[in-house]
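Trainee: The residues making up each chain are set out below.
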Amino acid sequence: MITYELMLVLRVMPKPELVSTLKRIAQCIYDKQGIIRKVENLGTKSLPFKISIHGNVYRDASYYLMEFNTPPHSVEELAEEYNRDVDIIRKQIYKKAAEEFKECTLDEELQPAPYRKDVQELLKKSESLHKPKFDYRTGLDYYPFQK
Amino acid sequence: MNVITNSSKSVITTAIHIPFPQTFQSVRWARKPRWLGTAKSKLFRIPPRPVIPKEEELELRRLNNNYRTQMKSIRNYLTERYHVKYLPSSNVEQIREDFEKDFAQCNEINTKWNEEIKVLREQRIAEEINKNIEEAKKQLNEQIMLDKKNLEKAEEEVRLEKEAAKAFITPDTLEAAIEYAVNNPVDYNYAIDMEGNKIIGKDLNSSKL
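Protein chains in written order, with this note's numbering: chain V, 583 to 729; chain H, 704 to 912.
Simulated from the structure, these hints should not be mistaken for laboratory data.
It cannot be assumed that every hint is accurate.
Unchecked claim - Covered by chain V, according to a simulated footprint, are these stretches of chain H (three or more residues, beta-carbon under 8 Å):
id : stretch
1  : 860 to 872
2  : 876 to 882
3  : 888 to 899
Beta carbons are placed, not taken as given, at the ideal position from N, Cα and C, and that holds for glycine.
With the rest of the complex left out, here is chain V (with noise of 0.2 Å):
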């Protein structure tokens, strides 16, 4: 069962049209046999550019997210039904990535840069990277001659 989220960029209504507008969104889902997991608003913010779309132009916009599970095949029609709404400007549909455990390193990230493990590593390999140097051999640690 693949899970799937959509990403919605609705253009700015009065509440009740909103509330219409995400339903019928979600009904469509449900047409297809499909369960939503979430919704969640992420805020209504203004556009990075402006979106001439359906014949209006658009600056502002809300921005929601849906969870949901649908047969696969659905998606692509779940697509083209949402690309015909006047109401959404833009939507995208991604498959949802498995939650990742990652340990926090912030510890070691906040050390200066000769003391990290892979700014170590890293001299370490550039080590071998070095020509070999001529040894002349006379036990000084500098070049006695005028070079």
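Given the coordinates of chain V, work out where chain H should sit on it, guided by the hints.
Mentor: Structure of chain H alone, referenced to chain V:
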């Protein structure tokens, strides 16, 4: 050395004596290259045939006949002396017997080697079979473990799904869920400070959503 010249039609016989050979320059190829072909002016030239005087020819033939006769006699003498066919001890029966004896000996050694190798081979094959059986057992065990692990994983997944199914939004609860979502915007665009406090918003002055 005999040099026959076409022009003089005479024979010059001289003994070449080179006192200091290193002072002589060897003759080098100083002609035009071979692939350039015949010159136009020389294309239909017919070189004159070498004319050898009658006495000279007779003398050469005599010398050559002598040479051939002597060489033949030497060859015949050496053949008669050293060829296997004319050896006094040459006995076909003996030779065959020797060959058979040698063959029997070689055969015996070969059989011996074959037997030694057979023992080694059987040992190796037995070891290989044992190894394969063990490997197969190991693989089977691994597969069983993997299947078990996969089943556990699947069970866990199903359990989580079942748990999550309680929170699924059905057509009945859709209205409430939408109402809640519209009234409660979420913002994932936050930072965390060293104490683990969330700082919400794109900049410090932005209002809380």
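Trainee: Against the structure, test the hints numbered earlier, and report the numbers of the ones violated in rising order.
Mentor: none
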